[in-house]
Amino acid sequence: MPDALTVEDLLDAYRTMKTIREFEDRVHVEFAKGGIPGFVHLYAGEEASATGVGMHLSKEDKLASNHRGHGHCIAKGVEVKGMMAEIYGKATGTCKGKGGSMHIADLDTGMMGANGIVGGGPPLACGAALAAKMKKNGKIAVVFCGDGASNQGTTFEAMNLASVWKLPVVFVFENNGYGEATGSSYSVSCGDIADRAKGFGMPGRIADGHDFFEVYEAFGEASERARKGEGPSLLEHKLDRFYGHFEGDNQNYRAEGEVQKLREETCCIKRFAATAVSEHGINQSQLEAIDSEVGELIDEAVKFAESSPDPSESDLTTDVYINY
Amino acid sequence: MPDALTVEDLLDAYRTMKTIREFEDRVHVEFAKGGIPGFVHLYAGEEASATGVGMHLSKEDKLASNHRGHGHCIAKGVEVKGMMAEIYGKATGTCKGKGGSMHIADLDTGMMGANGIVGGGPPLACGAALAAKMKKNGKIAVVFCGDGASNQGTTFEAMNLASVWKLPVVFVFENNGYGEATGSSYSVSCGDIADRAKGFGMPGRIADGHDFFEVYEAFGEASERARKGEGPSLLEHKLDRFYGHFEGDNQNYRAEGEVQKLREETCCIKRFAATAVSEHGINQSQLEAIDSEVGELIDEAVKFAESSPDPSESDLTTDVYINY
Amino acid sequence: MARKITFQQAINEALDQEMARDEDVVIMGEDVVGGAGTEGEMDAWGGVLGVTKGLWGKYGDRIMDTPISESGFVGAAVGAATAGLRPVCELMFIDFMGVCFDQIYNQAAKFRYMFGGKAETPVVIRTMVGAGFRAAAQHSQCLYPMFTAVPGLKVVIPSNPYDAKGLLIQAIRDNDPVIFCEHKVLYTVEGEVPEDSYTIPFGEADIAREGEDITVVALGRMVHQALEAANTLSSGGISCEVVDLRTTSPLDEETILESVENTGRLVVVDEANPRCSIATDISALVAKKAFEHLNAPIEMVTAPHTPVPFSGALEDMYIPSPDSIVSAVKSVMDFSQ
Amino acid sequence: MARKITFQQAINEALDQEMARDEDVVIMGEDVVGGAGTEGEMDAWGGVLGVTKGLWGKYGDRIMDTPISESGFVGAAVGAATAGLRPVCELMFIDFMGVCFDQIYNQAAKFRYMFGGKAETPVVIRTMVGAGFRAAAQHSQCLYPMFTAVPGLKVVIPSNPYDAKGLLIQAIRDNDPVIFCEHKVLYTVEGEVPEDSYTIPFGEADIAREGEDITVVALGRMVHQALEAANTLSSGGISCEVVDLRTTSPLDEETILESVENTGRLVVVDEANPRCSIATDISALVAKKAFEHLNAPIEMVTAPHTPVPFSGALEDMYIPSPDSIVSAVKSVMDFSQ
Ligand SMILES: Cc1ncc(C[n+]2csc(CCOP(=O)(O)OP(=O)(O)O)c2C)c(N)n1
Ligand SMILES: Cc1ncc(C[n+]2csc(CCOP(=O)(O)OP(=O)(O)O)c2C)c(N)n1
Ligand SMILES: [Mg+2]
Ligand SMILES: [Mg+2]
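Residue numbers (my numbering), protein chains in the order written: chain A, 1 to 324; chain B, 1 to 324; chain C, 1 to 337; chain D, 1 to 337.
Hints listed in this document are in silico derivations from the structure and should not be mistaken for laboratory results.
One should not assume that every hint holds.
Claimed, not checked - Result set (EDC-like, lysine to aspartate or glutamate): computed pairs, CA atoms no more than 20 angstroms apart in a straight line:
#, chain 1, residue 1, chain 2, residue 2
1, D, 288, D, 261
2, B, 228, C, 61
3, C, 288, D, 13
Just so you know, these numbers come straight off a predicted model, no measurement behind them.
Based on the provided sequences and hints, a complete structural model is requested.
Take a look at the structure:
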């Protein structure tokens with residue numbers, strides 16, 4: 001519960017959310033300038049979701065992500081410079097430039113990988129949870145899925161399997177209202193994704209994904225259940241994405257002024273800051289100090305990425321198998 | 001409703017159930033003798049399910065089946081001689097001996113095919129339902145799945161798709177308690193399969209699959225809904241299989257005496273006959289006449305199959321494409 | 001001079017003309033309309049890269065957005081094909097076949113055979129293939145060898161706008177299941193395309209360039225690389241015959257064999273990974289059926305046995321280049337027994 | 001004389017010994033225990049054909065029944081492999097790859113590359129392949145060429161009990177994802193197998209029979225057909241060298257090429273369908289790298305380009321037979337330029 005959060009925790013949470021936002025805003029800008037190649041899906045607007053979850057995880061807990069993975073990485077503790085270099089395709093990237101935005105992974109911090117396949121993550125997270133269960137180490141796994149991914153067969157199978165095997169895993173559905181240009185009101189045939197939990201024998205709960213405190217509390221409950229060996233849970237975070245599906249999306253499927261309105265009304269960071277200051281004794285100046293540190297961090301990351309070398313020819317044919 | 005059933009209908013229903021039972025009992029015997037090759041899954045014990053559904057279908061309605069498909073075929077009107085010959089792998093079989101027990105299809109009677117892939121049928125049934133919807137012909141599609149198949153991703157996806165597109169399709173789950181040797185109480189993570197309906201925005205209903213009248217009534221409701229353009233439904237038939245998963249199964253996963261007990265207590269044909277005689281004015285002699293006709297029919301079918309020729313060498317490489 | 005349009009426009013036009021001609025033709029896929037269930041413009045996307053744009057306005061409900069459930073909607077397309085429709089289903093990237101392959105190779109491809117010749121399954125699955133977009137390992141593959149291996153499927157890989165239109169119309173009218181592979185790098189390529197509807201039969205390779213010294217068999221985007229290499233080589237006095245397969249199943253064995261009979265030398269160029277590929281398939285065909293005409297080893301120019309790397313620096317090395325084709329041709333020409 | 005056990009027992013023994021050796025080894029699959037959630041005997045089945053029978057009694061929770069959710073549990077095996085376990089996952093029939101292929105080729109196979117060399121994914125997927133059981137089109141396929149084509153996977157196809165045990169132990173200890181293909185017709189074949197644990201390295205083909213006139217490359221069940229053909233041929237004075245590939249990825253190119261360098265002739269035998277297959281792969285390799293040693297066309301003996309028929313009469317014609325190998329060898333021997 002919010003009460004359990006120390007000032008330290010709150011400042012950490014703010015730093016994480018702010019880092020994600022700055023990272024994404026900057027990638028947006030650099031992409032438009034032509035510095036970044038490929039398909040890039042930004043997480044801006046959804047920061048409270050990854051952060052509220054990540055605060056409950058240690059490096060030994062595992063996280064399986066999706067194509068919109070930058071925020072999950074940052075919340076799981078992946079180093080930002082390497083991420084930026086990876087998105088630029090540089091040799092210094094988290095994955096030596098061989099994975100890119102859609103495949104950032106850092107197994108050392110428990111980040112099992114973004115994923116280019118919608119629904120790719122849920123079975124993998126079950127596996128990580130199984131490993132934790134077999135090793136009886138009290139660790140858990142979490143997987144982030146979109147509303148679109150909630151209709152993928154792999155996702156359903158994973159939920160059933162997790163329940164049958166009573167795995168310590170939490171399925172977090174980030175329902176941002178769209179899968180690409182298709183509305184979740186169209187593609188998800190039941191009212192709320194959380195309605196599906198019952199069919200898989202697990203509790204399902206909705207949280208306001210703009211509200212860090214609500215996410216933090218809900219995931220706290222689910223992760224505790226998992227750690228206690230009581231099995232999986234489903235959480236649905238209702239939230240919004242501030243950019244297009246991917247960079248370059250003209251977003252003509254959105255209502256006029258929709259994004260503008262969202263940015264004004266649903267910004268999770270603004271909301272967090274207001275609550276933190278008014279209810280938790282945080283000073284505005286503390287937040288501002290973080291803002292400027294984060295700004296520097298991201299500047300540095302971009303400079304690092306830009307000035308890093310490309311992978312070299314030999315990288316093309318290494319890392320296929322253990323022996324080459 | 002039972003009231004809507006004429007004497008003619010009831011005798012038809014009895015004939016269908018009895019034909020299925022005799023067919024399967026005979027295949028069991030002939031398989032043990034070594035006359036029938038391959039993987040053969042018998043439907044005995046589940047006759048009321050296929051029959052109660054089939055009574056609502058015309059040849060233009062489509063049915064997608066699974067590996068345990070003989071009963072579905074017979075209830076859909078596939079000719080029994082051809083089926084038997086198919087199971088023997090003969091040139092006179094419904095599929096020229098090229099499909100076998102797991103692949104009997106007869107598109108002319110709306111039988112889209114048994115299926116060797118668990119969960120193969122549900123998406124296909126959606127397609128048939130889509131065709132009916134686009135052609136606005138008032139026809140529907142139905143798919144039979146087992147409890148095991150209820151955990152396959154394709155099945156979940158199909159249910160969601162059917163709901164999103166409001167397709168005239170009915171998902172019938174024949175829950176016989178086992179998927180091979182694994183209990184449905186283990187593999188289905190929620191209490192009843194019908195509990196999953198809500199997560200796919202459709203009504204879900206349980207029927208006693210030993211009770212023809214209940215099945216008939218429940219499917220009547222679901223099919224009417226589909227024909228009226230109100231979308232898909234899920235039905236769960238609780239029932240039992242009298243033989244092993246496939247022929248050759250020693251069934252050591254079953255409780256001692258379980259099959260014996262089932263055959264005595266849950267036989268849908270005995271139950272139907274008793275009700276038909278006591279409540280619907282059918283004479284025992286009418287049923288006996290059918291019994292002997294069915295006996296002859298199956299005898300003939302076996303003789304036909306046994307005496308039919310094998311496919312010939314040229315059959316090996318035809319029917320791959322339209323032109324060869 | 002005839003009208004020029006892009007590869008992408010050619011595909012859109014083929015779809016448009018076939019939908020106008022036959023009302024059993026329907027389209028389904030993720031965002032093929034784009035905007036279902038949203039407040040914005042319907043037909044917002046017309047496919048992730050806009051290929052189906054404009055069709056919803058003309059054909060309404062006959063073009064349908066789907067949930068992200070490839071097994072579900074690909075299977076529905078297959079089922080609908082057996083029940084009287086002629087669906088054109090979009091699998092956004094061929095890389096996603098892993099979540100729906102069963103409905104293609106175990107269902108669609110096998111119905112006719114398993115059912116003793118009684119089924120017809122006129123379904124087309126359109127899908128994007130290929131590297132070059134910096135789209136990394138899961139959005140850049142050339143997995144068509146796996147489809148080519150499946151009896152009962154037909155596999156089409158056009159290299160230019162003219163072929164794209166004619167082959168797609170053929171695919172839609174064909175009564176067997178067809179996998180139609182669109183190389184994403186080709187979408188913006190322009191070429192002459194008649195406005196009227198026309199078909200190109202399957203199993204007829206195109207001699208993209210005539211030559212005498214060596215046969216270069218290629219497909220899809222690789223035809224362009226091969227032609228560029230042939231240009232370079234011709235100035236060095238080597239005359240390449242470039243064969244564009246167009247369809248890998250059915251395969252035009254005759255054209256390939258005839259060409260090799262004339263030239264005595266063969267290089268096969270395939271963007272797919274090297275093992276069990278179109279490159280090995282064509283090589284084996286020739287080593288079996290035209291061995292006595294071969295004067296040199298058969299070279300294959302393919303991607304390496306690695307996933308597709310993200311970094312542009314690496315991806316450019318991954319994709320077979322005109323230069324690598326030139327080297328391969330030269331090494332074959334230099335061979336003397 | 002050494003102990004003789006069946007192919008099936010050899011696999012069971014390999015699993016048993018590795019589970020005893022390393023507690024990170026776990027097994028999962030449909031009915032690999034058999035009886036979960038039932039009132040009858042637990043370990044009722046031990047796999048659909050009894051291959052894992054007895055392991056539950058020894059290892060309890062380390063062997064797990066699964067729902068019929070191949071993407072779910074194959075993916076879980078893959079995920080668990082990245083998180084410290086060494087799962088041996090059973091995909092009952094290779095024919096079912098269509099409902100879980102993504103987790104294999106897009107996930108397991110690509111992690112190491114996509115993640116810049118930091119992932120290890122020591123997962124083994126055991127699966128049954130092949131025709132001969134009258135199991136029809138969806139339970140009889142040889143789909144291993146599709147796995148062989150995927151960079152990042154290793155593919156093992158043992159032909160006898162000795163190899164089955166040694167290769168499976170190697171597979172479990174290997175740190176890359178391995179597809180382990182068990183031909184169902186081989187399960188009852190007996191052979192000498194040491195009781196002690198041993199490994200057979202990947203990428204080392206076995207010369208199953210030495211010979212001078214022609215090389216016959218085969219794999220899995222086809223090794224037996226090839227050996228039978230070689231026997232027949234030897235009485236007619238033709239000496240065949242039979243090479244058993246054992247693993248198709250990695251491939252022992254050296255042994256194949258050396259053999260062809262000696263014999264100058266090659267027949268490849270593969271139960272898979274002909275297009276983009278192991279047969280074309282080996283043919284292409286030799287046509288490229290040993291062309292100058294070849295004295296005759298390369299023949300391929302494969303299944304036809306059709307689904308597997310149910311009827312025994314047809315299935316027997318479908319499977320490459322010793323007779324068809326004999327004919328192919330003779331036609332190659334008869335060739336003279
Ligand atoms: C199997 C598969 N199908 C389709 C796609 C293409 N695709 C990428 S992201 C996406 C939408 C995902 O929507 P959602 O799960 O809601 O996540 P969001 O993008 O909204 O975060 C689609 C269709 C894919 N990558 N993988
Ligand atoms: C995709 C796939 N996985 C596994 C199998 C093997 N298999 C055939 S039938 C069966 C059990 C099916 O159980 P259920 O759906 O309950 O049907 P029942 O046999 O009880 O009628 C299994 C696991 C298969 N044929 N296809
Ligand atoms: Mg979304
Ligand atoms: Mg069952």
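Verification of the supplied hints:
Only pairs whose Cα atoms come within 20 angstroms are accepted, and residue 288 (chain D) paired with residue 261 (chain D) is accepted, the gap being roughly 13 angstroms. For the hint linking residue 228 (chain B) to residue 61 (chain C), the alpha-carbon distance of about 19 angstroms falls within 20 angstroms, and the restraint holds. Distance check on the hinted pair: residue 288 (chain C) and residue 13 (chain D) sit about 42 angstroms apart at the alpha-carbon level, beyond 20 angstroms; violated.
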